[in-house]
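Colleague: Listed below are the residues making up each chain.
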Amino acid sequence: MKPGTTFAACAALLRRDLTLIWRRRGDALNPVLFALIVVALFPLALGPEPENLRRIAAGIVFVALLLSGLLALDTLFRGDYEDGSLEQLVLSPHPLALLLGCKIAVHWLTTALPLLVVAPLLAEMLNLPRAVLPVLLAALALATPLLSLIGAVCVALTVGMRRSGMLLALLVLPLYVPVLIFGAGACNAAQAGLAFAAPLLWLGAGLVLALVLAPLACAAALKISLS
Amino acid sequence: MNRLTLWFHRIGSPPTFYRIAGALAPWCFGVAIVLGAVALYGGLVVAPRDYQQGDAYRIIFVHVPCAWMSLFAYIFLAVNAFIALVWRIKLSEVLAMASAPIGAAFTFITLVSGSLWGKPMWGTYWTWDARLTSELVLLFLYLGVIGLHHAIEDRRQAARAASFLALIGIVNVPIVHFSVNWWNTLHQGSTVRLMGESHITGDMVWPLLVMALATHIWFFGSLFARARVGLLELEGGKDWAREIALADVARETTVAAHG
Amino acid sequence: MADFLSMGGYGAYLWPSYAVFVIVLAIDALAPRWRRKRVLGEIRGRLKRREARGATP
Chain A
4 MKPGTTFAAC AALLRRDLTL IWRRRGDALN PVLFALIVVA LFPLALGPEP ENLRRIAAGI
64 VFVALLLSGL LALDTLFRGD YEDGSLEQLV LSPHPLALLL GCKIAVHWLT TALPLLVVAP
124 LLAEMLNLPR AVLPVLLAAL ALATPLLSLI GAVCVALTVG MRRSGMLLAL LVLPLYVPVL
184 IFGAGACNAA QAGLAFAAPL LWLGAGLVLA LVLAPLACAA ALKISLS
Chain B
177 MNRLTLWFHR IGSPPTFYRI AGALAPWCFG VAIVLGAVAL YGGLVVAPRD YQQGDAYRII
237 FVHVPCAWMS LFAYIFLAVN AFIALVWRIK LSEVLAMASA PIGAAFTFIT LVSGSLWGKP
297 MWGTYWTWDA RLTSELVLLF LYLGVIGLHH AIEDRRQAAR AASFLALIGI VNVPIVHFSV
357 NWWNTLHQGS TVRLMGESHI TGDMVWPLLV MALATHIWFF GSLFARARVG LLELEGGKDW
417 AREIALADVA RETTVAAHG
Chain C
-3 MADFLSMGGY GAYLWPSYAV FVIVLAIDAL APRWRRKRVL GEIRGRLKRR EARGATP
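Protein chains in written order, with this note's numbering: chain A, 4 to 230; chain B, 177 to 435; chain C, -3 to 53.
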């Protein structure tokens, strides 16, 4: 691999991010623990009757993963912003959108993938019918990258703000609503025995669109907030 | 440069726009209040009772114009946001940020009046159908833009970041508008159309249209008032702003002396 | 008059709607005035501090 090429830059960035996360691999479990606790709160609040929980299981799992992802979003740029490497990234001659795409991919791998692995456990805790589980996993597999991409754009707008947690949630949740509607909608349709392909296809279309546009938007947003 | 370009640049200059907006705003408010009063009289007194909904339908004269304004304000915001991001025109930044609270106010009125209309008509204050949900999302988008604008200290950077956010959320506007066509909703479909025939009788439609005009003019009045303050905030170090600040205190002391 | 106020029994929904309309728009008209006073006060404050600083060599 020739040093100095864009490919080398992306590879170096991927290697760096993965190494940094590996050094703090305990932290990768935090979103998982959060999701587990959130899901555990619902039977405590609503009563443990399986029938009650079964009806809303898919929705609860989705919301729990969405909120865990939201908490984890902050870590996307914070470390790099604090030590100045984010500015170096923005100044680099390589396409910023591509570099950010790599960062977002690593972030998804390390925060959302563990959540996907634990999703069947969460579904089981809420008595989700076994037949719906594949649909739930498919919907989550399409929705979580979409959430990471949309979230990255909003985090780029608030990077550097000290207490941006609440503001970030306010900015990002209206944009998350359509993803949630389609994702949970697919699961609820499958649970009711109706056709569920359409919402999944919409999620897929949104994901493809976001894969192309979100890194570009994220780059523009970073340039605005770091200016 | 030719006269049109000269006029364009002059309008965009903060002290000039401050003066023009200051002259226009009271007129806009006045005309809007008069038209609004005429529309309310038409809606509450002149318009006949609806055979299906009785007198409850009269909420339409508040609910629908505010709903139209909630979308119009966002489009106005988005257009100015685009200009602000691409051409970095200060006035566009200020106009975009000034229109956000007005849009949020209209969206809030739409949601509350719609909720109060829904209770007698549908039996519920709220339902999660496509139109109501997307209008609620619109309110959150407005609040997000306002919140982001407040959170950043540098006013120009704040306006640019909030403008960027507004442009990302623009996709919600067609969703709100077309929601009643795309999904099976509890909310009724469109009765007043721009092109083609409207499904509403004459005596009921003219107060609606007059109120729509009144709210549009009110929007611009409020926009001018807020844009003036926005310009003062942005240009606080400049001479023209300082003169106004000092003149303001002189006026206040004379008022206090005579009062 | 009583008929007008009750609006065919729907008065309890109609009049609060109109009230919210008027009140929210009134706040919308007044809020810029309050902010304007505050901003002008801030500008004057900054001027004073700058002059005070300029007075000391």
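Source of the hints: derived by calculation from the structure; they are not laboratory data.
Some clues are possibly wrong.
[Unchecked claim] Listed next, the in silico SDA-like pairs over lysine to any residue satisfying Cα-Cα at most 25 angstroms (straight line):
(1) Lys5/A / Cys105/A
(2) Lys33/C / Phe258/B
(3) Lys226/A / Phe258/B
(4) Lys266/B / Pro12/C
Colleague: Hint by hint, note whether the structure agrees.
Modeller: Hints, verified against the model:
For the hint pairing Lys5/A with Cys105/A, the CA-to-CA distance comes to about 19 angstroms; that is within 25 angstroms, so the pair holds. Between Lys33/C and Phe258/B, the direct Cα distance comes to roughly 30 angstroms. Violation of the 25 angstroms bound is thereby established for this hinted pair. Proposed proximity of Lys226/A and Phe258/B is supported: the alpha carbons are some 16 angstroms apart, at most 25 angstroms. Between Lys266/B and Pro12/C the CA atoms are separated by roughly 40 angstroms; this puts the pair beyond 25 angstroms, and the hint is violated.
Consistency with the previously given hints fails for numbers 2 and 4, ordered from lowest to highest.
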